[in-house]
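Q: One letter stands for each residue in the lines below.
8 protein chains.
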Amino acid sequence: MKLQNGEKLLFIGDSITDAERQRPDGEGLFQALGKGYVSLVDAFLQASYPELGIRVVNMGTSGNTVRDLEQRWETDVEQRKPDWLSIMIGTNDVWRQFDTPFIREWHVLPDEYEATYRRLVERTLPQVKGLVLMTPFYLEPNPSDAMRKRMEEYGAIVRKLAEEYGTLFVDTQAAFDRVLTHLYAATLAWDRVHPGTAGHMILARTFLGAIGFDWNRG
Amino acid sequence: MKLQNGEKLLFIGDSITDAERQRPDGEGLFQALGKGYVSLVDAFLQASYPELGIRVVNMGTSGNTVRDLEQRWETDVEQRKPDWLSIMIGTNDVWRQFDTPFIREWHVLPDEYEATYRRLVERTLPQVKGLVLMTPFYLEPNPSDAMRKRMEEYGAIVRKLAEEYGTLFVDTQAAFDRVLTHLYAATLAWDRVHPGTAGHMILARTFLGAIGFDWNRG
Amino acid sequence: MKLQNGEKLLFIGDSITDAERQRPDGEGLFQALGKGYVSLVDAFLQASYPELGIRVVNMGTSGNTVRDLEQRWETDVEQRKPDWLSIMIGTNDVWRQFDTPFIREWHVLPDEYEATYRRLVERTLPQVKGLVLMTPFYLEPNPSDAMRKRMEEYGAIVRKLAEEYGTLFVDTQAAFDRVLTHLYAATLAWDRVHPGTAGHMILARTFLGAIGFDWNRG
Amino acid sequence: MKLQNGEKLLFIGDSITDAERQRPDGEGLFQALGKGYVSLVDAFLQASYPELGIRVVNMGTSGNTVRDLEQRWETDVEQRKPDWLSIMIGTNDVWRQFDTPFIREWHVLPDEYEATYRRLVERTLPQVKGLVLMTPFYLEPNPSDAMRKRMEEYGAIVRKLAEEYGTLFVDTQAAFDRVLTHLYAATLAWDRVHPGTAGHMILARTFLGAIGFDWNRG
Amino acid sequence: MKLQNGEKLLFIGDSITDAERQRPDGEGLFQALGKGYVSLVDAFLQASYPELGIRVVNMGTSGNTVRDLEQRWETDVEQRKPDWLSIMIGTNDVWRQFDTPFIREWHVLPDEYEATYRRLVERTLPQVKGLVLMTPFYLEPNPSDAMRKRMEEYGAIVRKLAEEYGTLFVDTQAAFDRVLTHLYAATLAWDRVHPGTAGHMILARTFLGAIGFDWNRG
Amino acid sequence: MKLQNGEKLLFIGDSITDAERQRPDGEGLFQALGKGYVSLVDAFLQASYPELGIRVVNMGTSGNTVRDLEQRWETDVEQRKPDWLSIMIGTNDVWRQFDTPFIREWHVLPDEYEATYRRLVERTLPQVKGLVLMTPFYLEPNPSDAMRKRMEEYGAIVRKLAEEYGTLFVDTQAAFDRVLTHLYAATLAWDRVHPGTAGHMILARTFLGAIGFDWNRG
Amino acid sequence: MKLQNGEKLLFIGDSITDAERQRPDGEGLFQALGKGYVSLVDAFLQASYPELGIRVVNMGTSGNTVRDLEQRWETDVEQRKPDWLSIMIGTNDVWRQFDTPFIREWHVLPDEYEATYRRLVERTLPQVKGLVLMTPFYLEPNPSDAMRKRMEEYGAIVRKLAEEYGTLFVDTQAAFDRVLTHLYAATLAWDRVHPGTAGHMILARTFLGAIGFDWNRG
Amino acid sequence: MKLQNGEKLLFIGDSITDAERQRPDGEGLFQALGKGYVSLVDAFLQASYPELGIRVVNMGTSGNTVRDLEQRWETDVEQRKPDWLSIMIGTNDVWRQFDTPFIREWHVLPDEYEATYRRLVERTLPQVKGLVLMTPFYLEPNPSDAMRKRMEEYGAIVRKLAEEYGTLFVDTQAAFDRVLTHLYAATLAWDRVHPGTAGHMILARTFLGAIGFDWNRG
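Residue numbers (UniProt numbering), protein chains in the order written: chain B, 1 to 218; chain U, 1 to 218; chain E, 1 to 218; chain F, 1 to 218; chain S, 1 to 218; chain W, 1 to 218; chain Z, 1 to 218; chain Y, 1 to 218.
Don't take each hint at face value.
To be verified - Dumping the calculated BS3-like pairs for lysine-lysine here, alpha-carbon to alpha-carbon at most 25 Å: (1) 8/Y <-> 129/Y; (2) 35/W <-> 129/Y; (3) 160/F <-> 149/F; (4) 149/U <-> 149/B; (5) 149/S <-> 35/F; (6) 149/W <-> 149/S.
As the list claims (entries may be wrong) - The calculated label-pair distances, taken between Cβ atoms and stated as ranges, are: (7) 123/Y <-> 112/S: 30 to 36 Å; (8) 191/Y <-> 67/U: 46 to 52 Å; (9) 24/F <-> 182/S: 25 to 31 Å; (10) 217/S <-> 156/E: 49 to 55 Å; (11) 217/B <-> 20/Z: 28 to 34 Å; (12) 111/E <-> 74/S: 28 to 34 Å; (13) 20/W <-> 74/S: 41 to 47 Å; (14) 191/Y <-> 74/U: 33 to 39 Å; (15) 182/S <-> 177/F: 45 to 51 Å; (16) 110/Z <-> 217/B: 33 to 39 Å; (17) 23/U <-> 5/W: 53 to 59 Å; (18) 5/W <-> 217/B: 49 to 55 Å; (19) 215/U <-> 146/F: 27 to 33 Å.
Note that these hints are calculated values from the structure, not bench results. All C-beta atoms in this analysis are idealised placements derived from N, C-alpha and C, irrespective of residue type, glycine included.
With the hints as extra help, turn the sequences into a complete structure.
A: So this is what it looks like as structure tokens:
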């Protein structure tokens, strides 16, 4: 387990991270962490590593793109001084290109996505013990689907940045693809974007694998 | 225009037909016809053929399969004595096979679908002036998608029945496919099943074409 | 079709345009365009001209008079830089003279209406590719009704301005009058002002006629 | 004043009488009489004739036609044993012919209206001290308006029955027409059917005039 | 009738005047005048003097004392430039002395009441055509009841001011006392302060008497 | 203390007893006993005599008269087999004579009140260990007030029955009168009937005095 | 893994099982399984064994005791024909003895608990492939706490029955006790009964361990 | 009785004091004092000492620690100029250490608690006639429970300050402990912190004992 006693782990991202978390602060009592993978990660940590006292904070915000993350990075990430930071962003950067194709100023294209993401990683690396970059994903198994292909471009950017800067990396798309060989996409998510509990479980377990969670504990 | 003065046109189907229609009777004042293609058909008829006084009734019910239609056929279709009847059913018959694959009693397989649909057509034909059979559809352009292929099987059954019994026929899937060459599926429907206003406009115009609506009037 | 690839079409007006549109921006996902003729125009364009990618924006506001339009013209029209602009205003300018006759500062009389409308047209003409002026209307067929006569005065002002400045012109009152020879006013609107779906269909089709929509497409 | 000490005065009718009265019994505490002319009549009687202790009951029901009245006559009128009964019905009998012209079974035509009304008067006359027949009305001053002419037919039937059976008679249309020479219809009612407080005041005062209310008391 | 064509009549006071009026402006469409005596006065004027076009405005505010009135006098009275002003205040000035006797800063004692009221009358007299001073009242017939006696003190102050400054005067307590000889207080008001429709009718008719309303019109 | 270990104490009455108790059973968790004197009695017993385990049940029902009590006596009292029963009824029997004087069938006059009350006492006495009869009360100190005098008649009937049958007796009116010499009625209750917490405290303490509560415990 | 392809796994119990599941059937789309350990079990199975197609059904009902389970056993368990059945019951059987100690008919004492539980196991064993008995638990680490000791008695009965009938057994109390050595009870549950997500994770993982879940998959 | 005629008694504290009091000012009509011990204290004073006219004010705020009290001390205590002040604080200072152990900045440790509390007492003593310090409490009878022990530390600090500064002192924990020997903690409070009415009665009576309330009055 890479996390140590009393460390703070902060998650930032879009609606998949948000999952109805409490506001303004995404931590505290009574489902403050929302109903998604962040809450599951916290539950796993408390159940299996209660002695570590890991503090989990959820700062996801529905509808966000990487452009929105940069705008609130100081208040929502830096001022909270996390020891570990997990980023999962890109869904809306891509989705708006497909569900509102005519509103072009809502689209965050690959160049802007990479440049912005890179700025965030660079300014944050010196401030944390560890960084986890999670790819965005799309629950569409057809490799020639236009939006699937576009999402893979963004996932490749995340992978490239993780390699360049030596951070931890979570390939969420690959994790989902294993299940999509057995289950139709609509079983996991009504809109191919927002998964149900099974999908959040996949995200949580993949994340925990990356930070060295021991499944034989607790 | 095939419909004549003072005739009653009844629509039956699932949530796409229902579209929040009034209950128990799907006609009357203030959006009694719902927010979907049925309401648009009625608007076109009133705007372009006000002198005909066509009476439109919406008896769609969300979640229905052809199995459900048969159960309420006497009260919701026959007792209302329509002159014209339009049927669009099959979405849920297919969808449940993909979004709740483990609950098998919710699945209406092709054999049951065809047999039930046939019984409904046979008992109704002698009672009406005209019957319009509309295929179910799925807003997924990938021809090898499992659910798309399944939906086409059901559409083919509708086409076969229309030909056998000589009814009017509306190929909704074909109408959508023309638009899907230009717009990504998510532009038209968040779940590839329930279209927005543009999709309902496509349904309404395709239906009206089948009954001989003259676009140069009004 | 006068509109070309990728152009933005903005509608401004009162409650008939507004029709429960999204706020603050009248565009985007999930009925952002409201439930009225603007949404129908957008649906027709997407269904028949999907390859053009026309971007439709609804900035109607319930209760507005031309005096209100001028106050928000910079933020709600000019800063959004539409290629095409459609204006339908005047209902409340007239109605307040009849439903609250004693509150005289709510009345926008013909002189103020024309002067204000003229200022808006003049400052906007250089900024857009095309302008569509739609008359206000009243669903009362009796030619000697006091409010009907007053509304026609305002409609005549709109026609005069359209001719003077060479803009496109939509005579909504004339379009409704054709249907009112067959249907009683209360069939179309409970208050003779806010039409149901049939009335909005009339508005949408009349508007589309003015911009050269081809009914034999799609 | 025709009413005497301790008598019960019951009103029956449609939404104009109902006016959000309490259910199931239209009497008691806290606005049990609704917000319309019945409540005003009661207020006048309590304010000017408190010593009489007149008991006012409101059994109006929104949407009713004379056909509906007959169905609930035994429970809602006869079993309550009023000393005086006031009837105002006919609005919906006529209105449905104009706002939902295609749903013909909702229309109560003049012959049915007169025959039903006559049956109600004949069976009730022996049971009460006095009967007040109020005409239905339409707040449209144009004498050639189709619905106005139709409403006058129904008013004439009420007048004829009042004369035949020697009951009290209230010509509500005439009372409104005096005001309509000064105020536009929309000032009194947004739909020309449901008046605001001023219209209910006209109804109440006209009714009270018919039963001999002394305006110089109280 | 003292009021003339096109004049504006403004009412100010506490919850009895307020009666759920619209905010911020107590005039306009759809029960903007509330459910109390102000709405009834307006209804009487429209029904009997429609040709005068009297504009009625309700600026009552629940819970107010004369101290509160003075604070909002400029915005809520003077800036609205009424031709006629009616004031009914004092209920809460007295009531707080009895229902929250220990919170002494809520009590407006007679000296402050008179001084403040006098300032309001003096500054307003030059600005209006007429002023109507209505006493506060208490629906308790027992002359030795402590709160009744206190309320009469305040009523006497209003009478004295009306006489000194030659304004119109309405003795609401006297009007209620006539009815209270026949009806128990609880019949008129559950808390002896807020009357039902009958009580508001008494207030409206007494007010109208003071301004010369002709009961034989309309 | 007259109550012994494990006994059940049931309260029946009108809205003053009810006080928003839980339904259908007036006992259990989370304010099941309502917000009135019954809940306070229970709190006193738990706080001072926790070792006794007295079970308190509230079966009060708003609006009830003694006539209503008799109708539900079997299910709401007898089937619950209380050891001790407390009755406080009569408020509505009297109040309806004053707030709805014209609806005479709602009035329970003294003869009916006494006869019904007597039947209830006689059938219940053999089934319980103890019976507590509490008078109804009216928070009006004026001895010549009509409703106060009427309420005293009913209180006298309760006293007479308590003496005849040798039950415990609580003179609630006398308890309130002591406080009313210092506080105006409106301080205790906005309608002179439903007291606030102070009034319920008076009821609870007077009741507890009658069953021998020791104030020096706990 | 003991469960095989296409089998149905049904959970029955009280509020901890219920967790806001859908009604009447606890399966289907959109959080039909509630927010508790049942939903987590289903998520683990779908994520790690998607090829098995295990069908999970939640029939928990808040507030239930074993007495309530027996009453609905036929409809809620037997008619649904599960292959595997999991039972967790006893919390309320015990809790009512402590939070409503005076309402003795709500208490299910150990003898009744064991006898009823035994009847359910005996009639169900022949109908299923496997039975999982989960103990009730109490999140109180103090071994001398009265309710904790009582809960352990009930847990011991469950263990005894599991051994006698050779079913699978889950000691939930032991699983929680391991975590309670590190975390105070209030961290896991505000009332020591209803855990948050971490507590449900402990239940889910302990249950899955009993049926042979392989943590190294997925 | 230590309080004298017309004095103001202000309570400050956390949710146990707050108990849904009115905002912003915790005094006035209609349950302005909330549903807890403050309202009961007021009720006792009004019922037994109505002639004193004690003014009770509740300024409790849910979730507060002593750190929060200091921040609002000037506006919520000093500017209101109470004659007597009662303080009960510490529950949340302790609780956060146990229910959110990982969010350490929410914890108010003993040193900060004592120092802050001391500052508040010192600055307030010169401004009031009397000060009542009430200990925080925890409804857990097990003396070795970690949170119980911690709460006793804070209670000991309160006792020490009361002795040092010679204020009145209320040992709420001791008062509860007497009842906890007979009733299980869950009978008094679902979370061992927020008591029901019985617990608030214990607090109110213990407080009143400290200020010399005479239980034989009223």
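Q: All hints are to be evaluated individually against the structure, with a verdict given for each.
A: Cross-check of the supplied hints:
no., hint, in the structure
1, 8/Y <-> 129/Y, "10 Å, holds"
2, 35/W <-> 129/Y, "33 Å, violated"
3, 160/F <-> 149/F, "17 Å, holds"
4, 149/U <-> 149/B, "22 Å, holds"
5, 149/S <-> 35/F, "34 Å, violated"
6, 149/W <-> 149/S, "22 Å, holds"
7, 123/Y <-> 112/S: 30 to 36 Å, "34 Å, holds"
8, 191/Y <-> 67/U: 46 to 52 Å, "49 Å, holds"
9, 24/F <-> 182/S: 25 to 31 Å, "30 Å, holds"
10, 217/S <-> 156/E: 49 to 55 Å, "39 Å, violated"
11, 217/B <-> 20/Z: 28 to 34 Å, "30 Å, holds"
12, 111/E <-> 74/S: 28 to 34 Å, "33 Å, holds"
13, 20/W <-> 74/S: 41 to 47 Å, "44 Å, holds"
14, 191/Y <-> 74/U: 33 to 39 Å, "56 Å, violated"
15, 182/S <-> 177/F: 45 to 51 Å, "37 Å, violated"
16, 110/Z <-> 217/B: 33 to 39 Å, "35 Å, holds"
17, 23/U <-> 5/W: 53 to 59 Å, "57 Å, holds"
18, 5/W <-> 217/B: 49 to 55 Å, "51 Å, holds"
19, 215/U <-> 146/F: 27 to 33 Å, "30 Å, holds"
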